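The primary structure of each chain is shown beneath.
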Amino acid sequence: MKYEQLLINAFRNIDLSVETHPEFFQMWEEVEYGRSDFITSSGKIERHFYVVVSGVQAIYILTKEGDKQVIGFSFDGSFSGVYDSFLMEKPSYYFLEALAPTKLLRINKQNYDRMFEIYPVFDRWGRLTHQDLLVGRVQREIELITLSAKERYETFMDRCPEKLRTIPQKYLASYLNMTPETFSRLRKEKS
Amino acid sequence: MRVQIKPTHQIQRINSLLNQLDELNKINPEAFMKRPHQKVWSGAEVLKHMIMAHAAYAAKIDGALGKLNSVKDEVEALPTRAIPSFLIKRFPPKEGEIRFKMKTTKSFKPVLEVDKLSKEHVQELLDKMKETLHQLSGWVEQTRKKDVLPVRFNSAIGAIVKFNASEACEFILCHNERHFQQVKNTIGEVDH
Chain R
1 MKYEQLLINA FRNIDLSVET HPEFFQMWEE VEYGRSDFIT SSGKIERHFY
51 VVVSGVQAIY ILTKEGDKQV IGFSFDGSFS GVYDSFLMEK PSYYFLEALA
101 PTKLLRINKQ NYDRMFEIYP VFDRWGRLTH QDLLVGRVQR EIELITLSAK
151 ERYETFMDRC PEKLRTIPQK YLASYLNMTP ETFSRLRKEK S
Chain V
1001 MRVQIKPTHQ IQRINSLLNQ LDELNKINPE AFMKRPHQKV WSGAEVLKHM
1051 IMAHAAYAAK IDGALGKLNS VKDEVEALPT RAIPSFLIKR FPPKEGEIRF
1101 KMKTTKSFKP VLEVDKLSKE HVQELLDKMK ETLHQLSGWV EQTRKKDVLP
1151 VRFNSAIGAI VKFNASEACE FILCHNERHF QQVKNTIGEV DH
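Protein chains in written order, with my numbering: chain R, 1 to 191; chain V, 1001 to 1192.
If you are wondering where the hints come from, they were derived from the structure by calculation, not from laboratory data. Where hints are given, some of them may not hold.
Unchecked claim - Straight-line Cα separation of at most 20 Å, PhoX-like style, residue types lysine-lysine; simulated pairs:
1) K1130(V) x K170(R)
2) K90(R) x K1026(V)
3) K44(R) x K1130(V)
Treat the numbers as computed from the prediction; the structure is a model and nothing was measured.
Construct all of the structure, not just a fragment, from the sequences and the given hints.
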């Protein structure tokens, strides 16, 4: 397995090693996507959970008019996927799209469930990861409701990973719930 | 207002039809063999009609896609021209209601002997329908990454309406959405 260290870093809130968790490292396979490819599309069931080797991906829903409304991003070293569809094995509400050429490690549902069965330490990973996810979602909701467009822009840019600065602005604008024009104006004001 | 074609939205709508088709596959095939009234198509006939309409465009769309150049950025939205827009807008059902009753042309009438239909025949139609939806999805995926405007071809109506590949895909999709509603209505009627 070529990406042991990437997986160890991604699952950093627990102690993992090839010696102690050999089967875990064999559960992953590498997949590649081109720019603009759908990794998952709305209406299909997400069959995998991912760790990003390289590239940037956006997760979004479509409005009634068919326009993209970005919910979040994933990038090098982070987890990715349409988690609710994957867990519930129900059609996805979301699209997961590669915004740049993308390399991912993926695990299927059967192996994902098995990793909890054979290695109890993943219960801790699950608890901490779901805790982080929940806190992150609540924080985002609060920011969307309470902050002005300018404040949302500033807060996001303060913590925005370098990698996200390379993707088309319209995706960042959508994530911040503003028009691309507003995003562009705020960026000019700041530069 | 003219229809804007959004390929990502088209993919979502095709996936929705595939999920509806999975549900139709769970229904007793006999429900597809009955006509609710003498002058109304059975579910099997409606499926056959959709497959025929799809087939009428297959070679044209494949031919057009083969001639088109790729674009750097994904095509997010494409305006349709006036006549295709007029046609496309009339097709999809609205809130479960089929609007604008239309008469089909002779060449798209499904020639099936309803009283001789078998369960196997219904299954073949359902399988073929799935195949056509996957093919449509593949075409839309290609139109997301191509400049579709330079190549137009005659619609099934004739030279009076010309489509580019995206317009043809949207037409087929709207046509399918309309007739999926019809299949559900028909099966609901014969079930009671």
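Going through the hints against the structure:
1. At most 20 Å may separate the alpha-carbon atoms for a hinted pair to count; K1130(V) and K170(R) exceed this at roughly 35 Å.
2. With a C-alpha separation of about 17 Å, the suggested pair K90(R) and K1026(V) falls inside the 20 Å cut-off, and the hint holds.
3. With a C-alpha separation of about 14 Å, the suggested pairing of K44(R) with K1130(V) holds against the 20 Å cut-off.
Checked against the numbered hints listed earlier, the structure breaks hint 1 alone; every other hint is satisfied.
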